[in-house]
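Two chains, each in its own frame: build the complex with the hints.
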Amino acid sequence: MNSGVPVLPQAADYIRVLPEIVLSIFGMIVMVLDPMLDQKRSQRTLGTIALIGSLAALAATLLQAQYPGLGFWNMVQVDSFSVFFHFLVAAVAAVVILTSYEYMQVQEIRAGEYYALILFGAVGMSLMSSAVELVLIFIALEISSISTYILAGFRVRVAISAESSVKYFLLGSFATAFFLYGVALMFGATGSTSIKVIGEALRSQHVPVLAYIGVALMFVGLAFKVAAAPFHVWTPDVYEGAPSPVVGFMSTAPKAAAFAVLLRIMFEADAPGRVWLIWVVAALSMTLGNIGALVQDNVKRLLAYSSIAHAGYLLVAFAALPNNGIPAAMFYTASYAAMNVGAFAVVSHFGSAGERYVTLEDYAGLGQRSPLLAAALTIFLLSLIGIPITGGFVAKFYVFSAALQANLVGLVIIGVLNSAVASYYYLRVIVVMYMREPREETPVSPIPLGLGAALAVSLVATIYLGILPGRVLDYAARSVEQLAR
Amino acid sequence: MTSLNNSILSLVTFIPLAGALLLLFFPRRDDDIRRFALIVSIIDFVVSLHLPVHLRRGLPGFQFEIDRVWISNPNIHFHMGIDGISMWLVVLTTFLTPLCVLISWKAIHGRVKEFFILLLVLETALIGVFVSLDLFLFYFFWEATLIPMALLIGIYGHERRVYAAVKFFLYTMIASMFMLAGILWLYAKTGTFDFVTIQAAIRSGQIENFAGAAPWLFLGFFVAFAVKVPLFPFHTWLPDAHVEAPTAGSVLLAGVLLKMGTYGMLRFNLGLFPEQSRVNASWIMVLALIGIIYGALVAMVQPNMKKLIAYSSISHLGFVVLGIFSFTQAGLDGATFVMLAHGVSTGALFMLAGILFERRHTYEIAEFGGLATPMPVYATFFSFIVLASAGLPLLNGFIGEFLVLSGAFRDRPIYGILGATGVIWSACYLLWMYQRVFFGKVKQPINQSLRDLSGRERTALWPTAVAALIMGVAPLLWLNAIDPAVKTALTPFQTVIVSKVVGR
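Line order of the protein sequences matches chains R and U. What the first sequence shows, in numbering that gives the first Met the number 0, is residues 0 to 484, in sequence order. What the second sequence shows, in numbering that gives the first Met the number 0, is residues 0 to 503, in sequence order.
Just chain U, with the same shape it has in the complex (with noise of 0.2 Å):
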């Protein structure tokens, strides 16, 4: 068993990867290849089964570590290890894969092989990030999301796909662009990429010029993270990427790629730079407020379905940044009690706005109505999945959003006044799109003959309900791994405080 919680995490990274080269050398018989593309994912899956089970709870530090050195000189480590928050977050990212090859079954016509192969690069660069603990690795899956991504969705997207790819490309490319300038700093003064080492330097205060640099450490960073979240008013990319990607792309965008951004700022904002986190606190803190109340109001009024769930996204992203930055245990744990939540139910929104563009060729709310007539089990699933997003007790969404209002209001309580508007607006946006999607008379002729849902594409959707379910049931199943991890970040955030009462 310790052989292989050394190399687990290697396994569940490179698996993918492996699969996708072998797709490279198999025949254009596209059944074989999405089976093929399938048995990889739930292998992965299966495999990564292994980090819950086997994470010891309630230790500090990393896990099922890796390090070894890859490159000798500059210093660079392929130093893995997870938490309990990238845990999860590696398990999100497994768990949807295979959803995303079974709900593109047939969505995917043209170059099917290419679009496997993109799609499995793309879950190895992903996991990659999340259980990086080197920075120039990290940086370097980073930066490895980005091709497979944009080629999703310049080639499988919808009609203005080229612009949405390349910009979402140049975005998120410049303003990581940042983020490698403040690595090579930190490598500069401290000769190493080690995640664990540099945290370490920084604390003892090693480091010469550091309290100069720091702030614009800080930002480097953080605007890289911000982007990617995408935090207000860093977000315009985001509307017209989902819009114009292929169901899986979104899926996997708004699932985990966006995590990619509030998982940075929980790991390396607050982890590297404690001081600067808490001085620049109260503006990220209003950028998020702004984020939620924006982005569920823009959702309000949007007309295609598609866009309203990626401005949803939006203003759920802004309860992860603001749950970050109260540095409550409560806060954060919830915060990334979000990111898993939105993860299940994004992407099952996302997948039921794509089975319903199979059908009709078109996201726009005001070509349906009525549809729960002729699709009643469709219409179910869409509402189960609808309330959970909009935070019910008892399912996913909830939890979360709770423990995140209850951090913020603790920071500062017109915080999370302002914060629990974003749930009540939620509810409105969602429950009015349902209504007008499902609700009253068939109007269109055509919407009459929709199929309901087929096997396939139950077995795709099952999956998220399940877990969304019992993520509102039983939080505590994922929170035991989680709250640990979070008071091992919170630690620094403590002696502040600490220390401020004693000095007075």
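Okay, chain R solo, but in the shape it has when bound (with noise of 0.2 Å):
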């Protein structure tokens, strides 16, 4: 450090990661409490510490706006870019715990440290968005993994959920190790961390080898957390074996963190072999994302293989030039984030307890069990296939038209394509769940208040994204001038 650097914090600092001390304050609140509670009562209490802890996030994020800068040593930077995805952490941990609430109850799962383990697992998220420096994203990454994995195992009496608890754990320490070790190259080739100092010093001067496979292992560590082919492999056991609302969250908080990251990394940093990098790993993850899952047979795998294809979608926007590729790939993380969590809310309450439903026959005639859930259901696969006013429409919109500014045009086609082939599977359980009759009479049981939360506000801001995008791309084009110049 600079001799002229204070040694200490000063004030300006707190209010830069002081969404990350409102939920780590919650977090701790309610793993304190845990044992004082009795299980019955811990429920719900519990849930709603949780759901103030993310929304107290979502308010400190919306005054930590107003203080832009950097922070801690110029390790944290506060930018319109960074408040986009603290405020997009925030909402899914608050819509999943909505989703948690009935969820542990019909599960019979003691609440305690699940709730707290979500609330840290976004201070890890949300930090990944705000750090400027290599390290601290090291740490907040780990964070947020450390958190996901123990998340992933949560159905304790389930052995496929202990699989993939394991599974998650081992491959995902693999490929936070291949980011570290991506870390260390960066330092060598550049002589520092900072990815600003970074970015000028491979402006300056000739690019070291070093410093591409420097980019390349960083951004095999990022690929995997965001399940990008062909470091996807994990993506359907641990979503199949994870708690639903959990699985909700894995597949939207965490990525987008991860892709926050890799734009900082890619744009910020200007990395070197950006495009045909990402333009492999695109291709890769739309054409065997969508492959996998046209013979899925259980929900979640399906919704997990079409994580893997929506992965390579928002790739695409990574090749492009970074004044619309940045917008477009924060537009789709939003709207992806408020269509698969809203998806996989209707996938946790239709489960059941013990997640008994959840194959494609047992949704057979949802449409008439159900009509609320299956329209709800309904409108979030559309919005994944990409049909218009729904916000995937959009998203995918921009990517696409972002990626032809930039003269990708085989890389748009190979995309097109792919979304048409998707819109197969997609269909297939519109198809079930209204033509098809049911095979069990059994009425689903009604939708509690917590996940009709969390259900509308799923839906509200599909449908939002979808007919009045222009607020939210606006805004996320202003972190263009932040992040590339």
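Rather than coming from a laboratory, the hints here were simulated on the basis of the structure. Just so you know, these numbers come straight off a predicted model, no measurement behind them. A couple of the hints might just be wrong.
To give an idea of the interface, some chain U residues facing chain R are shown, with a C-beta separation under 7 Å as derived from the structure [unchecked claim]:
1) ILE70
2) SER71
3) GLU142
4) ALA143
5) ILE154
6) TYR162
7) ILE173
8) ALA180
9) TRP184
10) TYR186
11) VAL422
12) ILE423
One side only, chain U facing chain R, incomplete, derived with CB under 10 Å [to be verified]:
13) ILE75
14) ALA187
15) PRO392
16) LEU393
Quick look at which bits of chain R chain U covers, simulated, 3 or more residues with Cβ under 8 Å [to be verified]:
17) 118-125
18) 164-174
19) 408-422
20) 466-475
Every residue gets a Cβ at the ideal spot worked out from N, C-alpha and C, and that includes glycine.
Have a look at this one:
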């Protein structure tokens, strides 16, 4: 550190990490209160505290947005980019907590650490989006990953959940190690771990081979986190075993955070070899994800493959030019979060005790058994296909048009063909729900308040992004100036 | 009046959607729902009549324009406007929808509310397609028609409804992806989705690499439209969709939805890529001719009445494509007129088939025979519409086909001659079907006691019969708006011809 920099953090520094502080405090309150409450009462109370915590983090994010700038010795940067992802992560956490209320009761899981881990995970993900220093990014990545490893194994009585957790942990550790390796090589190549300094170094001098390897290794680590092919093999198994609300969480929030890091590294550091690297991975993810999804009969696995494909669509934006690519990618993460969290909210409610109903066959006649649930899932699926009036359509539109402006015609054609293929398997779910007779006549249990709120928020977000995408996109576009010069 | 002129198109487009939203909150009293849907669709029809009354004939360009920024970046506008061609397609949509409500009154029992919501949403999407002048908005409505239509087929259709709905959805969805790619390319090069601006940019040759990309762009748009039309050999989804669809679905499918394809060719393929249209015209016209003759021959041997009407649509729509790619004033006038005439008469034919299905639960022609005795009024309506559809002079089918054929003949005589056989074929299959269903003795005892048309059914059929007659007797009422619009659409083609002549 330079001698002119104060040794102790100032008040301004704390504002830069205010949402993280709020989330940590609420997480700890949950942990402390957990042993004092009996199990029946703890579910609702702890859930409510966690919900308030995530909403408080939302408020803190809005407050923080008034004070952009660097903090903590230039390790954390608050800008509209970080605020965007903070907001997204906190909102996803809130919706997932709402979904979990009922789920935890039905599955008879002791709530305690569950809610705390969601909040701690959110701390890591938030920090990932505002950190501008590779070591801090690595620490944030670990905070987020370790919470999600544990969350994946929360269906304690089910073997596949434990399998899912262990698999995620083992492969995930490998991936973070790759990332760390990449950081080390990058430091070797440029002499710094600050993204900004790295960017200046790479622009001013001849790019050393080491930097290419460093970028590639970091990319491998992050590609694992976002489930991009060929680093995607864990996804279906982990998603199948993990509790449904957790899948809703970990398929959106950590991914959004990892994409945020990727955006910073790729664009702010002006990573060398960006376009061809992403070209290959995006094309592979879209194709493998969609082909895999075609043959799935388990809805959770189907959505897992679909999330691989969507990581691919999103990566297309990374290959584009910064001024349209960045906003397109940000918009895509937001609308994907809205529709996927919503879809998993439906899956977790319909799954019932022990997640018995997760195959496509079980969804037969859902349109008659629970019209509201079926209608909500239909809208989320249509958004995943990319049909107008939903966020998914506008998102895909931005991504592809950004890629075309960068003259990536081949990648766009692959993407467009893929979306056509993808419409088939999403449609299959809708067809089964509406056009096939139910196997069992048992009505689906009524939608509780918490889940209803979660569904309403996701639905409104999905449709809002589809009809009036302007404001969100403008906000995202503002980050371009900060990220890419 | 000016304020109404400025907002009339959004009114016409969104009245049905507003009605559908209100229906969401209706209690499940089926009769109230039906009445409400009828009122909404009639109101929309009446409002849409403002357009033909106030359209200034003979002005080039678009009228009743609305142009507001919808999304600032990327530059997407809520830009609507119509000319003489799209105006009549809008009116056709609003004209057919109340009839669809009437004809579905008793045929739909379960999930009535959802049915009428879907129907009204579909109407909004269809009108939106015809009035959009922003390519993004156009694509938005274009895709939005898919879902209500697929659901109408898939939920309310007959036995193989799911197969038909999925086939319909996938065929048209995959095809329109190519159009999306084309739209995105145009946006990437011009920075706008505005049809008029892009058209001007193309004509002035400002777009870089346009010459290299144009063949692909033309094909991208063309494939999306050709599947919708459907042009041979992309037609295989149509018979399935029609046979399985509920009556109202068939009426809107044949009456309006197919015209989205031909309208798209006219507006976008000809409007944006005149050179490419000319280059590709010969094989497209051959496909259209194959469609005319093949559709008619296949219709001839269908044992299923609805399938027969479906194949006759393929044949009739072939005329439209033939007319469009003849690039003659008569050809395009005729093509537009056939679109309208086919909408009215095929819509009516599907309603008639549906009425019979409600009574006998079959479309098999062999099940009937001698129906003129128990159902005289029905038989009269049927004969009138059959004659209209077969192109009898003084009814609506004649004028359009005549104009198309004269246009095609001027382009290349052999096209006109081959196309003209289609008129003969259509008389064959329609009259033969009529003979087998209505004449002779009543073969099946159950047919003896069939009820004749109810008051509601007559109310649904009368407007189509009246429209068929007026369109046949006074086609100028329609053509005086179509003609100037076609003239504008043909300007680039005239300059091409002139420059060729001068070049020599």
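Unsatisfied constraints (hint numbers, rising): 6, 11, 12, 15, 16, 17 and 18
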